[in-house]
Each structure stands twice: as C-alpha cells, then as structure tokens.
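Whenever a hint applies, use it, and build me the whole structure from the sequences.
These protein sequence lines are chains A, B, C and D, in that order. Read in this note's numbering, the first sequence has 244 at position 244, and its numbers run on one by one without any break. Read in this note's numbering, the second sequence has 1233 at position 233, and its numbers run on one by one without any break. Read in this note's numbering, the third sequence has 2210 at position 210, and its numbers run on one by one without any break. Read in this note's numbering, the fourth sequence has 3059 at position 59, and its numbers run on one by one without any break.
Source of the hints: derived by calculation from the structure; they are not laboratory data. Just so it is clear, CB atoms sit at the ideal spot from N, CA and C, and this is done for glycine as well. There may be inaccurate statements among the hints.
Using C-beta positions, here's what the derived DEER-type ranges look like [said to hold, decoys possible]: (1) A:Arg-82 to B:Gln-1028: 31 to 39 Å; (2) B:Ala-1167 to C:Glu-2131: 45 to 53 Å; (3) B:Gln-1054 to A:Gly-151: 42 to 50 Å.
Below, a sample of chain C positions facing chain B; criterion: calculated Cβ distance under 8 Å [claimed, not checked]: (4) Ser-2102; (5) Ile-2103; (6) Asp-2109; (7) Gln-2110; (8) Thr-2173; (9) Phe-2178; (10) Ala-2180; (11) Ala-2181; (12) Asp-2249; (13) Arg-2253.
Protein chains: 4
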Amino acid sequence: MESLSPAALQSILDDIAAAMAQRSDRGQPASYIPELGRVSPQHFGIALCLPGGQTLLAGEATTRFSIQSISKVFTLAIALGRLGDDLWQRVGREPSGAAFNSIVSLEHDQGIPRNPFINAGAIAVTDAILEGLQPRDVLAELLRFLRVAAGDEDIHIDKTVAASERAHAHRNTALAEFMAAHGNLRNPAALTIGTYCHQCAVEMTCVQLARAGRFLAGLPAAPRLVSPARVRRINALMLTCGHYDASGDFAYRVGLPGKSGVGGGILAIAPGRASIAVWSPGLDAQGNSRLGAEAMEHLARATGWSVFG
Amino acid sequence: MESLSPAALQSILDDIAAAMAQRSDRGQPASYIPELGRVSPQHFGIALCLPGGQTLLAGEATTRFSIQSISKVFTLAIALGRLGDDLWQRVGREPSGAAFNSIVSLEHDQGIPRNPFINAGAIAVTDAILEGLQPRDVLAELLRFLRVAAGDEDIHIDKTVAASERAHAHRNTALAEFMAAHGNLRNPAALTIGTYCHQCAVEMTCVQLARAGRFLAGLPAAPRLVSPARVRRINALMLTCGHYDASGDFAYRVGLPGKSGVGGGILAIAPGRASIAVWSPGLDAQGNSRLGAEAMEHLARATGWSVFG
Amino acid sequence: MESLSPAALQSILDDIAAAMAQRSDRGQPASYIPELGRVSPQHFGIALCLPGGQTLLAGEATTRFSIQSISKVFTLAIALGRLGDDLWQRVGREPSGAAFNSIVSLEHDQGIPRNPFINAGAIAVTDAILEGLQPRDVLAELLRFLRVAAGDEDIHIDKTVAASERAHAHRNTALAEFMAAHGNLRNPAALTIGTYCHQCAVEMTCVQLARAGRFLAGLPAAPRLVSPARVRRINALMLTCGHYDASGDFAYRVGLPGKSGVGGGILAIAPGRASIAVWSPGLDAQGNSRLGAEAMEHLARATGWSVFG
Amino acid sequence: MESLSPAALQSILDDIAAAMAQRSDRGQPASYIPELGRVSPQHFGIALCLPGGQTLLAGEATTRFSIQSISKVFTLAIALGRLGDDLWQRVGREPSGAAFNSIVSLEHDQGIPRNPFINAGAIAVTDAILEGLQPRDVLAELLRFLRVAAGDEDIHIDKTVAASERAHAHRNTALAEFMAAHGNLRNPAALTIGTYCHQCAVEMTCVQLARAGRFLAGLPAAPRLVSPARVRRINALMLTCGHYDASGDFAYRVGLPGKSGVGGGILAIAPGRASIAVWSPGLDAQGNSRLGAEAMEHLARATGWSVFG
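Put into structure tokens, the structure is as follows:
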C-alpha cells in the first residue's frame, strides 16, 4: 500500500471530499466562543503533503480557519526546544481521562496538568515560554515557527477571534489561577491567558497546516525544526492525548498521531509518509471535528496508513 | 537503522542484560498476591522475535513467570473474534487516567469500564467470552490460542498462583459486582472472577511470550490469528492503555505498543520488525516492571524502533 | 409554642394528612427493588409520640411498610453498645456529599465509609455486629431491640422483600467486597450482605416506628436503651447524614434529626418533645420520601419545633 | 443542667482556660497567609454571653484575632436579608464532603457551590451582596452589622491581613473565575475577591464575637437583626457545614452549631442558652482550631448543652 501514487491519493481525497459534502449530521461549531460559533458547519477541506514534496488538496483547503488547540503542538515544540526535559517538571505526559477543560485532575495532582494538550497543560507550556519575555515576543516566535514550518509567510493571528476568546476566558483563567496557587505559574494569569488566547486565534488553511506539520512526519522537504527523537515524542503525545477524552477512539479508528482544535481542524501525522490537515467546523460531544475525524478514518483505511502495522 | 543484523541486535540485548544485572533499584514485586510477592526482584530476561524467524534472547529468557495482565491482550483478541465490534457496547477504548484497579470511573460511566486493559475492562472481556460456556472451556481456548500463537504446547496455568489470586480477589469482585449492578455482567461474579484469576495465572517464558506476540507484529512466520485491521486496533489499545496511568509515559519513552503485567512482564510490539518480551519482577509505583520498562527504552533507543517516526 | 396541647397537635396532623391526600406530585417508589416498586405512591401516614405517653396519628399510620435504611439507626445503636467508640475505626462521621450508594469516597478513603448511614457505612456497622455471631442471631437482636423500643412484639421481617433485596444486591456487594479489599470487613461478603438485606426488610407501621424512636427523643415513657450522651450523638449523625446528599436540605427545612428509608419512611426526633414517623412511598431524586419530607416541614413550621432555636 | 448559674459557668470557663494553657499539642497556625502564620499558637481565649445579659470570659478573651471564615455567617445573614431565598439559586445547602477550598464539586455541580460556608460558596454570597454596590459599601455594611450585633463600635478590618490575603488569593480567584465561567458571578472576579479578602480580615475579640453571635442564640438582649425562622436556618447550615469536612465530627463531639475560621476562632451557638466564642490559632488537619474545638467539647460536656437532647 505504501506505493500509492500521488494520483491515487488525489482520487482518495476527492472521494472523501465528495462523501463529506453529502453529509447532514455535521455536529455543531463551538458555541462558547461567539466568533467560532458563527462559522458554518458546511465547510470541509483537506490537504496532505508527501515525501516527494507534493501537496494534494480537496474541498476548501485554502480557506483560513482558527487552529485553536492545534497551536498547542507548536508551542510544545518551542517549549521543548527552550526548556528541554525541564518542562516535564511542570506538566505531565499522561492521558487525562477527562474533558479538555477539566479542573478536577489539577486538584488531584497538586496543580500539575496531566499533559500539554489539555487546556491547563497548554497554559503551563505557554507560561513557560513566556517567562522573561513579553506576550508579543512569544506570539512573534510562534508565528515565525509556523511560517518557517509551512514555508509560507502569510500566517497571522485573527485579532477578533483573540478578543472574543479573551472575553470568554474565565475557565482558562480559573485553571491558570489554580496552577498559580500551587506555584506552577510564572507570570500573572492575565498575561499568560492573554498570550494563550492569541495563540489559539492563529488562522491557517488546510494547506498551510499540512505543510506546517511536515517536520513531524519527517518528510525530506521539511525544515529541520526539531530533532528526530523529539519529533517521535511529540507524535507520541499527540497519539495518546491529542483528542482529549476521545484520544483512544482516534487511535483506534485512525491509528495516527493527531491533534484537534475546536475550530474544527485536525492535524494528523503518518510518519515518513504524509502530513495531513482536515477542517470541518462541526464538533462532536468531545469537542473534536466530527467530519474531520471521519475523513481521517476514511483516509487511513483507504491508504492503509497506520503507525500500528 | 532498519537494517540491524540479528548479530547487532543480539549484542544490544546482551548489553541490556548486562546493564540490568548491575542495577540495585529494582522496585518491589507485587505484594497484594502472596505468591507473586515471593518472587525475587533479581530476575531479568529478554527475548525478541524477528521477521526472519529468529528468536534472540538474553538473561533469564527461558524462566517461566506469571503473565498476569498481559493475558488481557489475548483475551481481547479472542473476544473481538467472537463478538466483533459488539464488544464495545460493554467496554470503552479510552485511557482511564486512573489506577489499574480504580472503581471511580466505573461509577462515573455507569458500569462501563474505560478500556479493556484496566481490571474492570478485562473482567468485562472475560465475562463476554464466558457467556454460554464453562470456565474450563474458556481457559482451554485461551491456552490453545497462546500455544498456537507461540508455536509451543508447553504453556500452562499455575494453579497455586490462581488460587492465591482467587483468595485475594475482593477488589476485582467489587468491580464485577459493580458492573453487575449496572447490567454489565452476564455471569455470576464468582464464575467470571474465578476465570479471570486463572487467566492471569498463565505462566510463560520471555521466549514464549515474544513468540506469542508475533501475530501482533505482523511477522511473516506468525500464525494468522487475527486480521491485520484488528491487529492494528489491538496495538492502538496497547499503546494508549497498556500501562495503566503510565501509558503516556511508556509511549513517550519507548514509542511502541506494550502491555505490562504485575508479574513483571512486558510485551511490546515493533510492527513489522519485532515482537519483544521482557521480565523483571520489581514494579514501580504504577504497577509496571521498572527494569522492564527501562530495558524497552534502552532497546528502542539503540534500534531506533518507534511507531512515531 | 412548646405548650401545644395534644388536641392542637392532632389538628395539625389532620391538616397535614388532608393536604397530602390532595397531592399529585408524589414522586416514584424505589424501582431498583421490585418488591418496593410495587407499592402505590398514594399511601400516606403519620404518627407521633409525646412526653405524656400519647401517640397521635393520621392517615395510614397503622399500615406496615419496609423501613429499609431507617434500620441503620437501630443497628448503629446496637453497634455502639457493643463496640463503643472502637466502631469509629471502621466508619467515619462525616457527611459524604455523595449519593447513598456511591463507591467513590470509599476509594478515596481507603475502604473507610464516610458515615454509618450511607450504604457502605451501614454495611460496615452490620458487619461489626455480626462478628462472631450468626446472621439469625443478629437479626433476632435487632428485632428484640425494636420490639422493646416500640413496646410492641408484633414487628417482623418481610421475607419476600428480603429475598428481592438479596437478589438485587450487586451494588451493596461491591461495596462490601471493596471494604474487604481494604481489610474493613470481618465476615464473608455474602454473609454480611445477607444480614443487611434482612435488616432493611423489617416492616413497621408509623405508630410502631414513632414509638421505637422515643428513646432518641428522651421521652419519659421510653425504655432506657442507650445513654443520653450516646442518644445525642446518634441524633447528631441523623441530622448531618440521615438524608444522604439531601441532609443539609432536611436540616435547613425541617431542623430536626431524621433518617429516611427508600421504603418511603422517615423517622424524625424533636428532643424532649416528640418522636415522629411519616410514610409515603414516592421518592425524590435523592431517594427520600417526597411527601414525607414535606409533611415533616409542615409539622416543624406549625409546631415551631426545631433544634436550632 | 439548664439552671447552671453564671458563677458555675465561670468556673467551667476557668477550668477550660487552665486546661488549655497546659497543652503542648496545639496544631499550627494557618501558613498559606503569611500574616496569619506569624501568630503564636500559644494564645487561648473564650467568652460566652448569657440570656441574662452577662458576658463571661477566660484567657485572652479581649485580644483581637482575624475572624476569617466566621465572617461568612454574617455575610450570609446580610445576603439572606437582601435576596431571601433567591440566594439558593446560586449556592447549595449541602455539606460538601470535601476540603474548604476544593474546586472538584464545583465542576461536578456546574459552578454552583455546595454551601455558603466553603470558600466558593462564601465568594458567591459576597458576590451577591456586591452586585450594584462598591466593595467599600459592602464592607461598611458588614462592619455596621457586626457593630450592631455586638453592641460595640470598635470592630475593624486589619488592612495588613487583607493585603496579605489578597496577595495569596490565587485559589480563591480560581474558584471565582470558575463560577464566572458558569455564569455564577455578577462582578469582575478581582472585585469580588478583593471584597472577600477584606471581609475575612475583620478582627474581633472573643468577647466581641460572642456578643455578635447573640442574635443567633436568640438571647433576649440581642438586637433583632434576623427573623427567628431565618436564625434557625443559619444555625442549621452552621451545624451541617460550619467546619468543612469536619462538620460531622464537630456535631458529634460538641452538638452545637458552630463556625470556624483559619485565624483560630470558633463561634458556637447554644440556642436560648448562650453564644460562645473561642480562639486558639493552632489548626488541625481540616483547618479548624484544635484547642478551640476541644474547648467547645469540654464546655458542652460540662454544661450538658446540646441541640440533640
């Protein structure tokens, strides 16, 4: 199966886009951030980057959407580059078994979030990068990282979404203050949360996102941003924790490391084979893109791509 | 790295065995089952099976030990063969974020265990296989499966361990009765728990266990016991849930699907490359073999084997 | 207000019975025990005993019903008489903040139930009394205690209810086995749970129950079964824990120590003034008699009886 | 016992003060607020007010201490006066079964705190009073209430303690933000928490506190601040929830409604008989004054005062 030609893959993508266009059970866009709630669930786009340097696409793959929690993958890469394994003093590496915004395990674990992909953990990661810097510097670094990774300068933060997010950040602020109470926050909560809201408001297209993920797939054309050993570890975290309390289900159905965002995007990695981005704004009960996950499952089945054999 | 010769691999195994022999911080054998508590933490063995049919070993790789929860992988394979996806009506596929014997999430989830590898889930799996049969039939089927998988008739249940386990099964009985209260048990708790205690008391050597795992690695010499699609799914569950609340850590450090048992064994799968078994009875705080996990990490680093790139 | 004459009190009881007869929102009888589920929610009875020795009644106050968890008050009195403060090694004295049959806090507290009035705690109490005896002896002692307390020999166990209860005791068995796993059970779970199911199946009338509660109210005519200091402590436990996770609400609305049962009965104590029993089988969401609690609230308001001023 | 003369009571108080002076196991002052941590655990004072108008005292009953959470009783009284039963839309009336500052049940209950005496609940109460006002107005009203209740104008807020509290309010801020996320906060978290920190920093002597509690005991000399029905309800809440997850224990040992503060004070109410205040800064594991609780137990035993008979 590994010898699927780009043409054969394009045909698979076209099939997926066609199938998804028929679907009426699309889930609902995230409602807790007004700006996201206004996006129509009718959108669907998919893009993938191959070892040969090709980028294939289908559907609305060049429409921008809010990457939201997918940004956590990139801030994690930056934080590991900056702090190395010291980061793990502040955040764990275990699936949480709870919702993305749960505060329960934070109390149980004395202010140490379970992993860097639940909200509390991602806030701790952002807080770690922010130490000694200004929010604008951190956001500039994130954009620089994304632009280099994607080979595309046209990646920006949507200020309106960031502001909407900031205005509805009570729960994330609660998580930050709770960590502060346990000595696990280095900056004022308002500063860290402000930065976090902006990082989530980065907007990208499927094409840009798939290209930005190439370094995680180890594709030859990808810029070398992170060592192979660290790439494997980021992929491991995506696989075990990338879809909140549906991570096990995604691993079972799709078999690839992936990270979702409440904007409806998913980035998935087929190591050595492809970096894949999909977008459909309707979410399931766990806050993951319903059609996005199905498209990934369809693609994995059609290509035989799986890290599990 | 994929072209490591058997001789090079043997040298790695020898290095690992030598390094582990030096270690004094070995953890403690499981104490809650007296028969297991009597085993010395000094043991260490490792074996691996390769695509070419070779089996390499080092240390005490031909000494029998109690496979305990590693049996859950094989009963899961049997249950999926028997019930197919209907099994997932009775057990989930998510990491639990809690200890192997926790009853908390069972209450939260109305008697549906989080996954088939925590105790509650494995009891549900055994209960599913047992329906309409006698315990002896189920245990005979498990032994038949293991013998075919390993290509070795000399695999048995240690009756003394089974009895010791049965005499200390209060917590597992509580899990079973709790599921019964939610209509998620088909047999009398005593029957299911009796079967479960015997399944955990299967004893195997590292060589036997590595050979029994070949079908999960998709090695050419392996008997075709399960379809490739299902193999991938079992591997996915091992990766996300195979080490209880240290599953994320094992994925991060080792990068291979694995399943541990409180007897000190670990089975790990490098798809297409190797089936690996290791044994050292001393456990860490999460109930996984301390040196076993370190040996797996050492091996993964030395070989470059990882599902994550 | 304290000088209310028996005639005035009778008039209050009559008003309450008349008001309750009009009510259509009666809640549903307990459904998890078939025998209890068959009782009509139309029943209502109330009885109270006064310092002068009078027993007043209204409605179906001489119809027998299953006292269920109200039995926990009497087994607690027996256990404290037998073990004294040693009992508190095995069960706590704090409100649980959780449902009557929750197992969660049991895991958190290492097998020590929060208080003697949630199921786990009452099972521990029964187990403590049972040690060294046979179930029949314990049940005989309980009946003897109730008969002396009520001054009425005609108090029995409903064998059909006991059997129904035993057949649906999975969850209580889970609690018992869980305690056994933590060394907090002295008898085989089946023996303790069998005894517990029979104790819950005692049937009494409102008149009998109000009379049986006189010793807790310190009424002059009551047999001296328990020291005044211990009576106060039992009343304290009833007030803080007697209605599961609605105990605070009952204290707020009624202001008297009370204990409810899923058979629809409630026993309440106005120290020095009255022992009160009410019965209506329809339950609210917390498993307490809906009309029973309202009748108690009505009575407390009309009489001014409250332990709080 | 009810006829104990003031002289007999004075003798009991003297005995208690003498006994407490001998004690070396005094617990540790609250450490999480630096200003409180500096207070010596050697202090002990007690005062009680009687129906005849007398105030008896022993030990350091005229030394000021930080009343901390005891302030919650008075803000509750103010809030009930302002909002009536509408307050119960925003906060529950059940014991929480968890620590005073736990956030877990808040997640479980969708942002509704379990009761007005855990931190989250008290913050909701303060937030309710604050709506439409400025912090200074609310604090002025609280001081006015306390001064009228105690008949003493010399009651103030310790600004240094308030500032120390404000600087360490991360956890309380987390609680407030979490409630805000569920729509259960009317003011900016910083405003509500600032007010809350000042309310906790009121300082009073045992004599002042005992006098301020007279209206809850229904003493003839007390100003009529709250209706008798509401007084009973506040007492009920103190009894079931006043000592966090040691409320059941206090009810069992002392048998009187009471409210503790981490400054080491306890206010207890013997309805119709006395209002009692005690102070000793050393705390037990639940955050309640160790010697304070023992002194209350001693007093209850010596006087026979108990709401339970």
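Hint by hint, here is what the structure shows:
no. : hint                                 : verdict
1   : A:Arg-82 to B:Gln-1028: 31 to 39 Å   : holds, 38 Å
2   : B:Ala-1167 to C:Glu-2131: 45 to 53 Å : violated, 20 Å
3   : B:Gln-1054 to A:Gly-151: 42 to 50 Å  : holds, 44 Å
4   : Ser-2102                             : holds, 7 Å
5   : Ile-2103                             : holds, 5 Å
6   : Asp-2109                             : violated, 12 Å
7   : Gln-2110                             : violated, 12 Å
8   : Thr-2173                             : holds, 4 Å
9   : Phe-2178                             : holds, 4 Å
10  : Ala-2180                             : holds, 4 Å
11  : Ala-2181                             : holds, 4 Å
12  : Asp-2249                             : violated, 23 Å
13  : Arg-2253                             : violated, 28 Å
Hints 2, 6, 7, 12 and 13 from the list above are not met by this structure, while the remaining hints are.
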